[in-house]
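Chemist: Both chains come to you apart, so use the hints to assemble them.
Below, each chain spelled out in residue letters.
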Amino acid sequence: MEIKLSAPITKEKLAALKAGDRVLLTGTVYTARDQAHKRICEALTRGEDAPFELEGAIIYYVGPSPAPPGRPIGSAGPTTSYRMDPYAPALLDLGQAAMIGKGPRNEEVKKAIVRNGAVYFAAIGGAAALISKSVKSAEVIAYDDLGAEAVRRLEVEDMPLIVAIDSRGCDLYERD
Amino acid sequence: MRELDVKEITEAIAGLSKETNVSLSEDVKSRICMMRMKETDEGAKSILETIEKNIKIAGEEDIPLCQDTGLACVFLDIGQDVHLVGGSLKDAVNEGVRRGYTEGYLRKSVVTDPIRRGNTGDNTPARIIYDIVPGDKVTITFAPKGFGSENMSRIAMLPPAAGEEGVKDFIVDAVRQAGGNPCPPVVVGVGIGSTFDGAALMAKKALLLPLDEHHEDPYYAAMEDELLERINKLGVGPQGFGGDTTAIGLRINTAPTHIAGMPVAVNINCHVARHKSVTL
Ligand code: SF4
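Which chain is which? The protein sequence lines are A and B, in order. Quick note on the working numbering: the first sequence kicks off at 1 and runs consecutively. Quick note on the working numbering: the second sequence kicks off at 1 and runs consecutively.
Extracted from the complex, chain B is given alone in its bound form (with noise of 0.2 angstroms):
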């Protein structure tokens, strides 16, 4: 069995808030340039000319994107060969975002309580998703989850006869609601199916998938492009000033479900969508 020591996940965690914050996937950056060239409102092309020109220098100068560098979300896909040794996994990769965190001037924006407050002052805890996989390898992704989008994300227990159409409404409601809150051009994550949390966490799992790919099931790719054309076509535009550029991408995750359900799970990030991924 291969052993492999957590303080490896700690350097990994710690490397990776830092370049998340910093720095977008190419996938992300070529839709918004992509959208900004088909804009045809022109108050709505220059606000992604300055989102553009903002990635710009947040690479440059290497300060984040956005003061809001999130609740550290992090997921773990642990190959069931692997030994992790040298100490406790969670607190490994909690010493990774509090390493991260405070040596690269990102904002602690985590509270101990979530009534009564009070910063932890180094933004642990993380977020841990842990999933068991094949293999001996461990798969990190790191995704900085700002609280302007998550704040406006959404879920719904249809029932089954709400069918297709209701699913559908859902989403694009949801998106419709949500507007200039949570700084649009929004990249939306859609869970539908599973349980009550099982369709929230497949919906904020969609956030990490490449905007430039489908669903496997001709379906439910043919839905994403029909969600994302009809988001986009709801006005709301960059900074809910109008426009034609609503969303930069929609992906979705389907489970089996219950006879008796149909959960639907949106989960609302912004046009900073930030994730990666490390394989130790």
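Just chain A, same shape as in the assembly (with noise of 0.2 angstroms):
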């Protein structure tokens, strides 16, 4: 069974998710990685907005394949998530509400998780061809130079998720 979950993506509807469901999610998402992080995460020190509202936004470490002619996107699956745990806690802290991406967390994210009330999602990695068809529009925000790490807003359909992280620290690359 999948369960339905579209934007505006409150702590509530958050809270009701439990590690192991396969989610199917519709809203805005934003996209950053590596490099974008960095220079997110150097703006807020610097004082400066994030590219985008933090409060409630769900962020999907991807960097998506160019978009061939008539698509939104190329492929666009997501990328190992431990690299950009440096930097989740923080923004996690400041309102964002969800992560997309694939393999397991280190324990300061996770008591972020738990302390913010968010949530981990994982995309199937390498499935990005199938995800891509669940991106109905994408539109560079930030840091343009950055290429394919470059922010994009999404808008989303139905794209498959599975918890990985509940909102409670309840972890699917744990379970035994």
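Heads up, a few of these hints could be off.
[Unchecked claim] Simulated crosslink set (DSS-like; lysine-lysine; CA at most 27 angstroms straight-line):
hint, chain 1, residue 1, chain 2, residue 2
1, B, Lys18, A, Lys136
2, A, Lys111, A, Lys38
3, B, Lys18, A, Lys18
It should be emphasised that the hints constitute simulated quantities derived from the structure, not laboratory data.
Modeler: Right, dumping it as structure tokens:
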């Protein structure tokens, strides 16, 4: 059974999700991976704003392939999340609601998830052609010079996800 | 002496860049299918089904299997009776990558400098491995390598006293530690022997070997099977969420080494195990 989850993503909606749940997400998602996280955090340290509203934001760790003619985006599967671990807690504390990536997270991130009632979703690594079909539009909104690593605003419809770490800290990577 | 214009190599590589990124070889696909049928965990089975669906969509719609279209690894087996004409071989290879990745809407994932970063914008340079072989042909093997799995690769300079068990434990442990990071189910390439760099290159080349064949030495052939079985008992499972399918294949390359050493390298690839060869 898949749970339909639509924007806006409230803390109440997130609290209802349990690790292992399959979710179909519809709404706005922002892309950011290694270099974009570095720049966002540097901007915040300088007292500047992030390139999008962090409160309630869902960040997808992805560097899509270029969009061929007639498509909003190229293939768009998740990148490995642990590389974003150094940045994630600060962003969650500033209101980020959820992350989408793949692979386990460290203790710091898990604590920040619980502290803020956030959720970590996993998308299936390598299923990038399939995932791209749920992306209805994509627009670069910051750091264009980073190419694949630029920050994009995506509108997604029924994006297939798995709850990897829920708001209580239950972690699907540590099931036994 | 046979002459071969390097422009033909450029053409071939441009074509291979696109082909390898949208479709997988039969041995890889049949292993995924076989493992899905044997999988006893429902969640794991459904992830494997999604992976198979992805392969189908990529093929039908002619789009990359994965957004990480890799660092271009190009293996050139150059016949010693071939005379390459028409310019620099290295430039010809990189031109092929540049064209293939630009015209094929593939992701440019290469940075100029490892520390200071900065995207090169065209996915060059390729990592080129040259081997001189008998004959008058050139065989090109193109293998785009994703770094989610590359980052989980390991090497150890084991003491000879570690013996067979030490080698096997190191290999299994590398896959265990990689966990859900390298997009399991993975393909494991192992290099045992040679030097530090030699073991690593053998491991990378092991990722090019067919998954439905074995090492020619029965001792290592049995080890391939045993290791695959041990790895699939780890319970990592597809995407690291548990199950019987942690690896779809494991191949070993071996070479003589020094009396004081026993190098072992483990190169991890994801289920998007891309490679294809052409002979010119
Ligand atoms: S490890 Fe493989 S499947 Fe995963 S993102 Fe990288 S290339 Fe794609």
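Chemist: Holds or violated: are the alpha carbons of B/Lys18 and A/Lys136 at most 27 angstroms from each other?
Modeler: holds, 24 angstroms
Chemist: Within a Cα-Cα threshold of 27 angstroms, do B/Lys18 and A/Lys18 meet the stated pairing?
Modeler: violated, 40 angstroms
Chemist: When you check the alpha-carbon spacing of A/Lys111 and A/Lys38, does it fall within 27 angstroms?
Modeler: Distance of about 21 angstroms is within 27 angstroms: holds.
Checked against the numbered hints above, the structure violates only hint 3.
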